[in-house]
Structure formats: C-alpha cells, structure tokens
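Protein chains: 2
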Amino acid sequence: MSEPQIPQPPSHMSAEEFREYGYAVVDWVANYLAHADEFPVVSTVAPGDIAAMLSDTAPEHGEPFADLLSDLDDVVMPGITHWQSPNWFAYFPANTSGPSILAELASAGLGVQGMLWATSPAATEIESKVLDWLVDLMDLPQQWKSTGRGGGVIQMSASDSTHSMLVIARDRKKADSGIEDMVVYASNQAHSSVEKGTRVAGIGHVRLIDVDSNWAMDPDALRVAVEVDIAAGLHPIAVVSVVGTTGTTAVDPIGSIADIAAEFGLWHHVDAAYAGNAMVCSEFRHHIAGVDRVDSYTFNPHKWMMVNFDCNVLWVADRKPLIETLSILPAYLKNEATESGAVIDYRDWHVPLGRRFRALKLWWVIRSYGAEGLRMLIRHHVALASDLANRIGADDRFELFAPHPFGLVCFTHRDGNEATRSLAQALNNSGRVAVTPSELGGVTFIRLTIGQTRTEQAHVDALWDLMDDLS
Amino acid sequence: MSEPQIPQPPSHMSAEEFREYGYAVVDWVANYLAHADEFPVVSTVAPGDIAAMLSDTAPEHGEPFADLLSDLDDVVMPGITHWQSPNWFAYFPANTSGPSILAELASAGLGVQGMLWATSPAATEIESKVLDWLVDLMDLPQQWKSTGRGGGVIQMSASDSTHSMLVIARDRKKADSGIEDMVVYASNQAHSSVEKGTRVAGIGHVRLIDVDSNWAMDPDALRVAVEVDIAAGLHPIAVVSVVGTTGTTAVDPIGSIADIAAEFGLWHHVDAAYAGNAMVCSEFRHHIAGVDRVDSYTFNPHKWMMVNFDCNVLWVADRKPLIETLSILPAYLKNEATESGAVIDYRDWHVPLGRRFRALKLWWVIRSYGAEGLRMLIRHHVALASDLANRIGADDRFELFAPHPFGLVCFTHRDGNEATRSLAQALNNSGRVAVTPSELGGVTFIRLTIGQTRTEQAHVDALWDLMDDLS
Chain V
1 MSEPQIPQPP SHMSAEEFRE YGYAVVDWVA NYLAHADEFP VVSTVAPGDI AAMLSDTAPE
61 HGEPFADLLS DLDDVVMPGI THWQSPNWFA YFPANTSGPS ILAELASAGL GVQGMLWATS
121 PAATEIESKV LDWLVDLMDL PQQWKSTGRG GGVIQMSASD STHSMLVIAR DRKKADSGIE
181 DMVVYASNQA HSSVEKGTRV AGIGHVRLID VDSNWAMDPD ALRVAVEVDI AAGLHPIAVV
241 SVVGTTGTTA VDPIGSIADI AAEFGLWHHV DAAYAGNAMV CSEFRHHIAG VDRVDSYTFN
301 PHKWMMVNFD CNVLWVADRK PLIETLSILP AYLKNEATES GAVIDYRDWH VPLGRRFRAL
361 KLWWVIRSYG AEGLRMLIRH HVALASDLAN RIGADDRFEL FAPHPFGLVC FTHRDGNEAT
421 RSLAQALNNS GRVAVTPSEL GGVTFIRLTI GQTRTEQAHV DALWDLMDDL S
Chain Z
1001 MSEPQIPQPP SHMSAEEFRE YGYAVVDWVA NYLAHADEFP VVSTVAPGDI AAMLSDTAPE
1061 HGEPFADLLS DLDDVVMPGI THWQSPNWFA YFPANTSGPS ILAELASAGL GVQGMLWATS
1121 PAATEIESKV LDWLVDLMDL PQQWKSTGRG GGVIQMSASD STHSMLVIAR DRKKADSGIE
1181 DMVVYASNQA HSSVEKGTRV AGIGHVRLID VDSNWAMDPD ALRVAVEVDI AAGLHPIAVV
1241 SVVGTTGTTA VDPIGSIADI AAEFGLWHHV DAAYAGNAMV CSEFRHHIAG VDRVDSYTFN
1301 PHKWMMVNFD CNVLWVADRK PLIETLSILP AYLKNEATES GAVIDYRDWH VPLGRRFRAL
1361 KLWWVIRSYG AEGLRMLIRH HVALASDLAN RIGADDRFEL FAPHPFGLVC FTHRDGNEAT
1421 RSLAQALNNS GRVAVTPSEL GGVTFIRLTI GQTRTEQAHV DALWDLMDDL S
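Protein sequence lines, in the order shown, are assigned to chains V and Z. According to the numbering used here, the first sequence holds residues 1 to 471 in order. According to the numbering used here, the second sequence holds residues 1001 to 1471 in order.
Hints listed in this document are in silico derivations from the structure and should not be mistaken for laboratory results. Don't take each hint at face value.
[Stated by the list, open to error] Okay, derived cross-link-like pairs now, DMTMM-like style, lysine to aspartate or glutamate, Cα gap no bigger than 20 Å in a straight line: (1) V:Lys334 <-> Z:Glu1439; (2) Z:Lys1174 <-> V:Glu63; (3) V:Lys174 <-> Z:Glu1195; (4) Z:Lys1174 <-> V:Glu263; (5) V:Lys174 <-> Z:Glu1180; (6) Z:Lys1173 <-> V:Glu263; (7) V:Lys174 <-> Z:Glu1439; (8) V:Lys173 <-> Z:Asp1181; (9) Z:Lys1334 <-> V:Asp318; (10) V:Lys173 <-> V:Asp71; (11) V:Lys173 <-> V:Glu263; (12) V:Lys334 <-> Z:Glu1418; (13) Z:Lys1334 <-> V:Glu195; (14) Z:Lys1173 <-> V:Asp181; (15) V:Lys334 <-> Z:Asp1229; (16) V:Lys174 <-> Z:Asp1181; (17) Z:Lys1173 <-> Z:Asp1229.
[Claimed, not checked] Coverage of chain V stretches by chain Z, computed from C-beta distances (three or more under 8 Å per stretch; other residues unrestricted): (18) 59-70; (19) 87-101; (20) 258-267.
[Unchecked claim] Going by beta-carbon spacing under 7 Å, a handful of chain Z positions derived as facing chain V: (21) Ala1030; (22) Gly1098; (23) Gln1113; (24) Ser1159; (25) Leu1234; (26) Val1351; (27) Gly1416; (28) Ala1419; (29) Gly1431; (30) Arg1432; (31) Thr1436.
Quick reminder that beta carbons are idealized off the backbone N, C-alpha and C, glycines included.
Please model the entire structure based on the sequences and the hints provided.
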C-alpha cells in the first residue's frame, strides 16, 4: 500500500557505517585511555573558550561523522578535566574501566527502558541478582537481598538515594507532625546532599552535629540535639551516618547512632558513597559494625569499583515503606506481571520513571575482574595511600591532617594555610596532577585521593616528587 | 621508590584488548540493530527465568570477555523487550541512533563528571550551547537561552524535571503557607509524574482537573478548582500543562492556563515530554501558543529525537529561583570559576550532584542529522500515523478513540472492551509488534505510537495487515 504523500524519513547510519565509525570511536577511546596520563590533568580553558568554538546555530544539514570525531580532539579535549588520568587525585574518583565502557555501549545499543519488569525482564532480574551478589561480597545483612524483606536498586547518585530516603522518613511520620517541624540529623562533615535532600524534601530542619577529633559524629552530641529538639516541640525523623566523609573519610559510629535511632524512632540511613566500595575486603568491615540495624545504605560503584558514572546502589532493610511512598500505577503501565506481584518494578523504587540498563556494566565489571579483582584494586590503592601518608608524615614540611582509613590522604603544609593553598595551586597548575584544596575549622588542607582505576605506584611516586619539588 | 609491601593491582584490559573487544561489541550492536525487527518484540520469559540463568554468587576470578559477549545472546536477549525494533508501537518510544550510541561510548570513555564547570568545561559549555540551538530550532522564547534570564539543563527524565519544578514552586511560596496546605493542578490526563512529584515534594494536595471531549484540560474547571481551594483556605502554587498527554497526546490550552496562572500567581510548568520534539517543525507550534508566558518547560529528546535515554531537557524562564533553591556550596567544591560567577555549575540545576556528559550525544545527533533530519523524522512518523488513522477510521471493525495530532493513534474495536483487549493481547502475543492497551472513562483502547527511529512505511503496513488478520 504505497502512499506517495508520506514524506521521506531522514537517512540513518547503515550497519556498515556504524561498524566503521564504531571502530573509529573504539580506537579513539583505546588511545585516549592509553595516553590519558599525558594530558594536562586540569583543563586550562577560560570560561567561554569552548562555547566560542561552536556555531551559534544548529547545522541545517547533517555533517559527516569524521567531523564529529575530529571535534572530539579539537573542541572537546581542550575542555576536558581528565578524571580518567591515573594522575587524578582530586575529589573522589569517578572510575571507569574497559568492561564498563563496553557495557555502556551495549546498553545504549539495546536501548531498553527498564521502568517495569515487563519492559525488559533482563534489566530488572540482572540488577536484582547482581545487587544480591554484592550483599554477599560485602557481608551485608542477608535481609537486604531481593529474596529478603529489603532489596537493592541502582539510582543515579548518592544524592538521589539520600533524598529518596529522607522522603520515606518524612512520609512515615507525617501523621504525627507537620513537615516544617521535622528534623534530620547528620554530622557537620556529612555530604552536602543531606542538606540539599532535606531542603528538596521540604523538611523543616537539618542539624549538623558536632564531630570528635577524628571528624566522626559524636553520638552524645546527637542525643543531646535530639532531646533538645523534642523538648522544643519538634519531630526528629531521620539520621544520616556517613562512612567515609567527603572532607576526610571520617567514619561515623554506626552502632552508637543505631542505638539512638532505635530509641527515638529515627530512620537511619548510611551514606557510604565512596568508602562502601572498600567493604569487599573484610579488613574494612569493622567500620560498618552495626549496619545490620540500619534502615538504608548507599554506595557508589562509580567511585571505586571501576563502574562508570552513573551507578549508585541503594539498599533498604524493608522495601515496604519505599514502595508505598513511590508507587503510582496509571492505566498505561498496568500489566500482568506487575499485577501478579511476582516481579520487581524498579520505577517504584525512585523518583524517575524511566531507567537505563545500568546493571549491565556492574555485571560485566564484577564478572571481568572477579571478586578477587575488586579486592585487589581496593588493597592496592589503600596501601599506596598508606605509603604516601607515611612519606608525608615523615617529612618536616608537611603534616597529616586526618586519619586515612581508606584511599584519601589529607595533609597541610606546616607553613600554614597560605603555603598549603599555594602548593595546591602549584600542583594543579603544573598540569601533571589534580588535587582538591579544602578547608575545615579554619585550616586549609589538601585532599589526595588514590582511587582512579589505573593509578599505580609510579603515579604516586611522581606525585610525591612533584610535591617535593613544589614545596 | 619500590615498596615491596604494596599489594598488586588487578589486571586491566590492555589497549589492544579494548580494541578487540570493542570491535566485537560494535559488531554485536550493528548486527542487533540491523536485525532488531526479527526478534519477538515483547520478551516472553516468565518471572525468574533470567535470574535462574545467573549464578547465585559473584565469580571469585575474572571471566574472559568472550563469555560476557556470549551471555548477551544467551542470557540477556531472551529477557529483552525490543524498544529498538521498528515494530515497536508501545508506550512512547525510547529512541536511539548510531551517532547517539557512539556518543555514549565516547562519553563513557572520557568518564568525566560534569558537576561543576571546572570539572570539565566542555561538558557544561556544549550543553548550554546545544540547548540554545534547540531554543532557536523550536522557536521557543529567546529568554530561555543561557544568554537570557533563563536557561536549559539536561536532566535524567521528565519526572525529575517536573519534580524539581514543583519543589521550586513550593519554596517560592513557603513564607505564605504550610506545605500541607499547598495545591498543585494538572489535568486528569497528566502523566503520573505530576502526582508522584507532588507527593515526593511533600506538597499537600494535587487536583486532577476535568478535561474536554478531546481529553485536554478545561481551563474553566481549573479556575473553579483554584477558587474553591482558595475559599477553603488552601494555597494554590503551581499548574502543569501537558502538551501531548501519555494517554492520547491531548494538548492542554497553554495560553488560557497561562492567564489563570498569572492571575493566581501559580508556577506554570509545561510537560511536553513526547510531543515537544515535534516543535522542530513549525506546523506543530500552534500547540504551544502562549509558551512565552510559562515558567518552565520540559521535553525528552530520548523519546523522539534519536537520542538515547537518558536525555531530558528542562528550560526555565528565570534561573534565579532554581539556583536559590538547589545551590549548596561546600568547601571541597569551591573554585575560582564558580566564584567568578562567569560560569554555569549545573549541579545547582537539579537534585543530584554528579552528572554524565550527556550533551555529547545530543550534540552528535543534531550535527549528524542536521535540523533538516530532525524535522524529516517527525514529519515522516506523523504522516504514517495519519495514514494509519485514516485506515482505521475507514474500517468498519475499528473506531478512532481520540484525535491524533502527533504520532500516536488510539482506537477501539467496535465490538467493545473485550474485543479491544483481545486484539491488543493477540498483537503482543504474535511477537511481531508491541502495542499498549490502556483505558479511559471505562473504555479500553489501543495506543499505537509511531516514533521508533527506524519505523517506516513497511512496518506500519505490516502492523495494519496484522490488525486486519487478528480482528
């Protein structure tokens, strides 16, 4: 039934073209990763430099793929700050790895939308199974498995997970209290996502609790704050413990906080975004003692498990309140599998409806490296960090600023804040490394994270030599 | 400085291995897309079938890449429902295309985290520029450009955008009203994300307003609802207009709703998730008359612009309230560029902190197809939909259920709900197409969306023949 009035579709990439261009992009990425250490780590462009290289209007006609590829080098690369350089010591790392990158390619090719079990059962079932694997790999509570009362879900970021847990904590208590009278607690070292999540959830108050000399939450201060708030007629609803704070990787005492959470009926959420990855190794698990009594727990494989952003894992000990708050079922999403109750529909586990097949990269990374490989990465980096910390501690010019339980080393220059700031600037301006200057209690310090997938001894040695030269 | 006590790192994929495996995945994807039409569109596995093929524990040692690749065929494919089949007529489409897939590969390889301008200026500046391109391509208000008072940002999904706009609307009014007394309005045909976003934001009430005979919001009913709520002491804060509802692609009258929003001081958000893509063609822009007076507007290039999920665009007419609500600046994120005020830090434009370099795929798709190609896709699909609707309307067995302004055709079987339901089931069980059965006002109907990237005349003809056979 030919219909001459139907306008022509656009011309799509043929399978042959996709192969040719695909090989070219694979080559480009392979070459980039093999030489990522040669780029100035921090982009030196000024605001507007990249934009100035782009035309002000979209092209009317399609451009050849070769132009896109050459613009990767000419337009994009000058504006890239190289998170994948092994000389990356800034923030927390955003890992990637070969199997993860190729899983993203396969996932984009499959192009499924895993909002419901029915819209691609493999996306849901692989996700549940792999998150169950991680429960065992990290010796987390069995109840968190998909076969238990709880369950795990991949979200975009720890900010999203923390926000959604605060929403659940809020709704659990809304029969008892106005939202504006509710209070959330976290240490004054907790990630800004706690404050942001509280604000976004509309919860009235967030209390940032004092820390001890190791920057870990003081549970006595937490108890006092809760009691003061209750006496003032407010309604404590949740506490967030952090395992590995962003500032210094301090570890809040989960067990003591769990006692207080139980006593006052608080939702207890654990943000282990970065340090949670280390729990594949048994020697770090004392840091999460008491985790069997928390309500929810989040960590980011995209930080230190060689899975590229975004891949955040959230577990809840009981999935019921989560689903009660986040489930809405319009007619066009009704289907037999959902109605049977035999499947998980992950759309009910987070704010967005749509979701990519992100479990594929987590599955491929764990299978490619094996549990053994995940542990090797952590142990290698922690040992390098410990070694670097020893060198820093033994040097008259520097002083360690905080304990270094994982892969982050924090230190100051003994000549004071200005000297520390200058050193950070000199390190970043050298183009040879990226570090993060920060500040706590009036003291400027430098954060050095050892955790980029390919960071090894030689890179840390070069960092040390550079610190030595520039100090 | 050799340190014999440092444990070995895991063995990573070499550049040569990455090339070899990368080519293999490119071949796999090329082959998949070339033959996507040959798979049963809807996966037929039962709950648990895929999980049963996975081991119960993670492997201790790494597995060869060849095993991952073969499991794509053996484990993953049986559990895939083929959104990329040109025989996909279900839900709204989740597009992908060659340039988009390859941009995801490049983006995963670069592995940058674009939370701040400084953490990869190219990611931010390309995003701003390309969203400015779209403002011109769609003749949207110039004020929405990054050079105006407003601006655009890529979020994960329209659900996220709608939720964040409700949060802004809420916080703008919190000096005047308790959150529990606030009210959000949308038509009873609006996407479930409005109800979910309201609930997640903690806002007390959502009113689903009556629609006219075309399933579009009745502005008189909106006005009455607002007045009733005010008289009852409640506080209307926001209204969501939908351009292209999920049920039937009905179009709410933005202009009339904008009048009411202005009169009562409501934040006016437009959800054009699917149909917004059509605005690259001038002949559809009458559907958004009045858009120059709205506060925010969202659409999904991942639905009908050949960009794969996730890629949601949100524009605001004024970026100030957005940034005021969502910006938090801890010490470790402070940097010169942010302090200069000369750059955009997109972390302040949404709930999560981290963000992938999603602008790359939007940039590559627009450049590959050109503005012309984007328009051709829309016009081709809308013409196919119109042609199909004509065939349905002319057939004694069927009846059109709603207008078809875009690429969605809704129809019923004249023999009633049971016949319609049976037809939907027969179509989906055939393995040859995917369609979505839905229900409105007690009437069961079938939704047929024509919008998958590669859907062309032959696929629609085959769908029609199948409908003919099965009815």
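- request: Report holds or violated for chain Z covering the stretch 258-267 of chain V, Cβ cut-off 8 Å, minimum 3 residues.
  value: Coverage by chain Z is violated here, the residue count being 0 at a Cβ distance below 8 Å.
message: Need the status of pair Z:Lys1173, V:Glu263: alpha-carbon distance at most 20 Å?
response: violated, 35 Å
- prompt: Hey, V:Lys174 versus Z:Asp1181, does the alpha-carbon distance stay inside 20 Å?
  reply: holds, 13 Å
- prompt: Does Z:Lys1174 pair with V:Glu263 here, judged by a C-alpha cut-off of 20 Å?
  reply: violated, 32 Å
task: Tell me if Z:Ser1159 is really an interface residue toward chain V, meaning its C-beta lies closer than 7 Å to one of theirs.
output: holds, 5 Å
- prompt: Hint check: is the beta carbon of Z:Ala1419 less than 7 Å from a beta carbon of chain V?
  reply: Interface hint status for Z:Ala1419: violated (18 Å vs cutoff 7 Å).
task: Given the hint that V:Lys174 pairs with Z:Glu1195, test it: the Cα-Cα distance must not exceed 20 Å.
output: holds, 17 Å
- request: With a cut-off of 7 Å on the beta carbons, see whether Z:Val1351 makes it to chain V.
  value: holds, 6 Å
- prompt: Should the hint that Z:Thr1436 touches chain V count as held when the rule is a Cβ pair under 7 Å?
  reply: holds, 6 Å
- prompt: Straight-line Cα separation of V:Lys173 and V:Glu263 no greater than 20 Å?
  reply: Satisfied, since the Cα-Cα distance of roughly 15 Å is no more than 20 Å.
- prompt: Do the alpha carbons of V:Lys334 and Z:Glu1439 lie within 20 Å of each other, as the hint requires?
  reply: Judged against 20 Å, a Cα distance of about 10 Å means the pair holds.
- prompt: Is the shortest C-beta separation between Z:Arg1432 and chain V less than 7 Å?
  reply: Violated - the Cβ of Z:Arg1432 stays beyond 7 Å from chain V, reaching only about 17 Å at its closest.
Hints 2, 4, 6, 7, 9, 10, 15, 20, 25, 27, 28, 29, 30 from the list above are not met by this structure, while the remaining hints are.
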